[in-house]
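A.B. asks: Each chain is listed here by its residues.
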Amino acid sequence: MKPLAAQPSRRLSDAEIVARAHRSDRNFAILGLSVLVISMIVLLSLIVDFMVDGLGRIDLDFLTSFPSRRASEAGILSAWVGTTLVMLVTTALAVPLGVAAGLYLEEYAPRNWITHLIEINVTNLAGVPSIIYGLLALGLFVQSLAMGQTILVAGITLALLILPIIIVATREAVRSIPLEIREGAYALGADKWQTVSGYILPTARPGILTGAIVGMSRAIGETAPIITIGALTFIAFLPPSPVQDTFPFINFNWLNSPFTVMPIQMFNWVSRPQAAFHVNAAATGLILLLMTLLMNAIAIWLRYKIRRSMR
Amino acid sequence: MVAPVSPDSRTGRLRLTVSPVFLARRRVVDRIMRVVLFLSAALSVLVTAGIVYVLLSESLKFFAQVSIISFLTDTQWTPVFQDKHFGIMTLVSGTLVSSLIALLVAIPAGTVLAIYLSEFARPQVRETIKPFLELIAGVPTVAFGYFALLFLTPIFQIFIPGLAGFNLLVPGIVMGIMILPYIVSVSEDAMRAVPAELREGAYALGFTRLQTATRVVIPGAFSGVTAAYILGMSRAVGETMVVAIAAGQQAKLALNPLEGAATITSYIVQISLGDVPHGSIAYLTIFAAGMTLFLMTFAFNILAFWLRQKYREVY
Numbered sequence: 001m002k003p004l005a006a007q008p009s010r011r012l013s014d015a016e017i018v019a020r021a022h023r024s025d026r027n028f029a030i031l032g033l034s035v036l037v038i039s040m041i042v043l044l045s046l047i048v049d050f051m052v053d054g055l056g057r058i059d060l061d062f063l064t065s066f067p068s069r070r071a072s073e074a075g076i077l078s079a080w081v082g083t084t085l086v087m088l089v090t091t092a093l094a095v096p097l098g099v100a101a102g103l104y105l106e107e108y109a110p111r112n113w114i115t116h117l118i119e120i121n122v123t124n125l126a127g128v129p130s131i132i133y134g135l136l137a138l139g140l141f142v143q144s145l146a147m148g149q150t151i152l153v154a155g156i157t158l159a160l161l162i163l164p165i166i167i168v169a170t171r172e173a174v175r176s177i178p179l180e181i182r183e184g185a186y187a188l189g190a191d192k193w194q195t196v197s198g199y200i201l202p203t204a205r206p207g208i209l210t211g212a213i214v215g216m217s218r219a220i221g222e223t224a225p226i227i228t229i230g231a232l233t234f235i236a237f238l239p240p241s242p243v244q245d246t247f248p249f250i251n252f253n254w255l256n257s258p259f260t261v262m263p264i265q266m267f268n269w270v271s272r273p274q275a276a277f278h279v280n281a282a283a284t285g286l287i288l289l290l291m292t293l294l295m296n297a298i299a300i301w302l303r304y305k306i307r308r309s310m311r
Numbered sequence: 001m002v003a004p005v006s007p008d009s010r011t012g013r014l015r016l017t018v019s020p021v022f023l024a025r026r027r028v029v030d031r032i033m034r035v036v037l038f039l040s041a042a043l044s045v046l047v048t049a050g051i052v053y054v055l056l057s058e059s060l061k062f063f064a065q066v067s068i069i070s071f072l073t074d075t076q077w078t079p080v081f082q083d084k085h086f087g088i089m090t091l092v093s094g095t096l097v098s099s100l101i102a103l104l105v106a107i108p109a110g111t112v113l114a115i116y117l118s119e120f121a122r123p124q125v126r127e128t129i130k131p132f133l134e135l136i137a138g139v140p141t142v143a144f145g146y147f148a149l150l151f152l153t154p155i156f157q158i159f160i161p162g163l164a165g166f167n168l169l170v171p172g173i174v175m176g177i178m179i180l181p182y183i184v185s186v187s188e189d190a191m192r193a194v195p196a197e198l199r200e201g202a203y204a205l206g207f208t209r210l211q212t213a214t215r216v217v218i219p220g221a222f223s224g225v226t227a228a229y230i231l232g233m234s235r236a237v238g239e240t241m242v243v244a245i246a247a248g249q250q251a252k253l254a255l256n257p258l259e260g261a262a263t264i265t266s267y268i269v270q271i272s273l274g275d276v277p278h279g280s281i282a283y284l285t286i287f288a289a290g291m292t293l294f295l296m297t298f299a300f301n302i303l304a305f306w307l308r309q310k311y312r313e314v315y
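Taken in sequence, the protein lines are chains A and B.
Mapping the first sequence onto the UniProt record's numbering, position 280 (from 1) lands on 280, and the numbers just tick up by one.
Mapping the second sequence onto the UniProt record's numbering, position 13 (from 1) lands on 13, and the numbers just tick up by one.
A few of these clues could be false.
[Said to hold, decoys possible] For each label pair, taking beta carbons as the anchor points, the in silico distance ranges come out as:
1) B/Pro-108 with A/Trp-301: 27 to 37 Å
2) B/Val-125 with A/Gly-198: 34 to 44 Å
3) B/Gln-157 with A/Pro-206: 46 to 56 Å
4) A/Ala-187 with B/Arg-13: 41 to 51 Å
5) B/Ile-32 with A/Asn-112: 15 to 25 Å
Read the hints as simulated data drawn from the structure, not as lab findings.
Virtual Cβ for every residue (Gly too), placed ideally from N, Cα, C.
The following block holds chain A by itself, in its conformation from the complex (with noise of 0.2 Å):
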């Protein structure tokens, strides 16, 4: 027999070889803990940071005034109701045509190719960049339609914007509805909407409002879209008022007026080079960064309840 010389000087021993996995087991665990504390800091950081900026600025007097030359004067009154407004179209029609279409995908749809077409786009359109439905509602809507910088075109564009989130929630709401329901509603002589209606819609509401509240408050924070239609940064008015006090009482010309909503108005004083616009800036910023996060915060509150009812 050959001597062990070509061995290497030492070789471990079992216990040792288990000792080291265990380490880098345990050293990758503390990785993956300090990676995650780390994002958590960054998160916290940027909460605080709006905080110590702009707390001190909100007041009745922000959220009661125009913007204004004088950033001591300024406030975020008209970006306030335009977000609402601008909102209400959104959901209005992204949600219905979102829930419809993912209903349709989820229940309807034949395996052929428009399917597989209309699949495809759905998850093409989640991917495209926000600004882009900018560009589409400025070449399709402003220029082409002469609709104009208007409430109406950037609901419609923010709507375009957050329908895949919506239908990709429905349909996720929907495919977790077990086949016994269907089934037990075709038993008692349902025909398909019947059934879509009165037990696939309900059932799947939970997750449905999931993907709307979801979808709000990514369309509240988002600003590129916005300004690619070409609204207007500096608007010292309201919208006229939806209600009025003769027949029929309510009026939609709010939906033809300019805008301003919050983003583009914190966009437009984070980009001056006075500190003091930089504080509306801050306080504008942190209310909409309490807004999204209550609004997410409200999301995984529901989806943790859905999945705890579902067990």
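Once you have looked at the hints, place chain B on chain A.
C.D. replies: Quick look at chain B alone, frame taken from chain A:
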């Protein structure tokens, strides 16, 4: 719809009858809803068609005035100056540099986090952690832009002396944080799709968790994880507000990430903010730039879609 119950004519007791009128009405409603739902689904195809039509028609007007060759090879981008140049590569370079920085942050961090969540964390821990990651994805991009320009850049300037006030480095890092939750969720999905039997086999052979992750799970989920990276890249390329706020708007070849440079998206924002007359060459440039952006993200998305489809077929 009215319940098909009516009193029996002879006994007067309620009896279940299905009237032909009820059935006919029901059939009509069912047909109508079928069409309505189909049209809603088909609308998404119209949106894509609309995007392609607008980008293509305006870009064609642009390329009637500027040759594609100079568009692709010129190294200057000065559409609003006297001496006009239209070298899109200038903007593409800014886009790619900032996106690559984002990936340099998001790929290592995202992969580690995805492995941790999928292979190490107990289910309760995982379900507690994931919502917090989703919160990052919920922050408006304009807020991240503010954060990059007014919070992170001054801090980075302490450590990196040559860092300009507007630069590509900090927005790149911030975009990396923004796409992190996305990369984690897509690659974790792919890792969890790897069958449990493969892991159990590895454990039976005496593999540790980390060895199982690196030698079994990641190779098994390779195409899905790659798809996650590509989708992250696509997001970073299309991200607008962070670079528009914190990267400056000077269009030049971005060779140094410590200096600012315009990206495709921030250029579109810059032109949209100014009052550019409809139909002018500057107006048309944002559509040509948008077309370039759309083609880039489209290529990434299709590639990722194909890769994800592939790993779904395997298992």
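A.B. asks: If a hint holds in the structure, say so; if it does not, say that too.
C.D. replies: Outcome of the hint check:
Between B/Pro-108 and A/Trp-301 the beta carbon distance is about 31 Å. The supplied range of 27 to 37 Å therefore holds. Distance hint check for B/Val-125 and A/Gly-198: the Cβ-Cβ separation is about 40 Å, which falls inside the suggested range of 34 to 44 Å. Judged by the Cβ atoms, the range 46 to 56 Å given for B/Gln-157 and A/Pro-206 holds: they are separated by roughly 47 Å. In this structure, A/Ala-187 and B/Arg-13 break the distance hint of 41 to 51 Å, their C-beta atoms being roughly 25 Å apart.
In this structure the supplied range 15 to 25 Å holds for B/Ile-32 paired with A/Asn-112, their Cβ-Cβ distance being about 21 Å.
Violation of the numbered hints given earlier is confined to hint 4; every other hint is satisfied by the structure.
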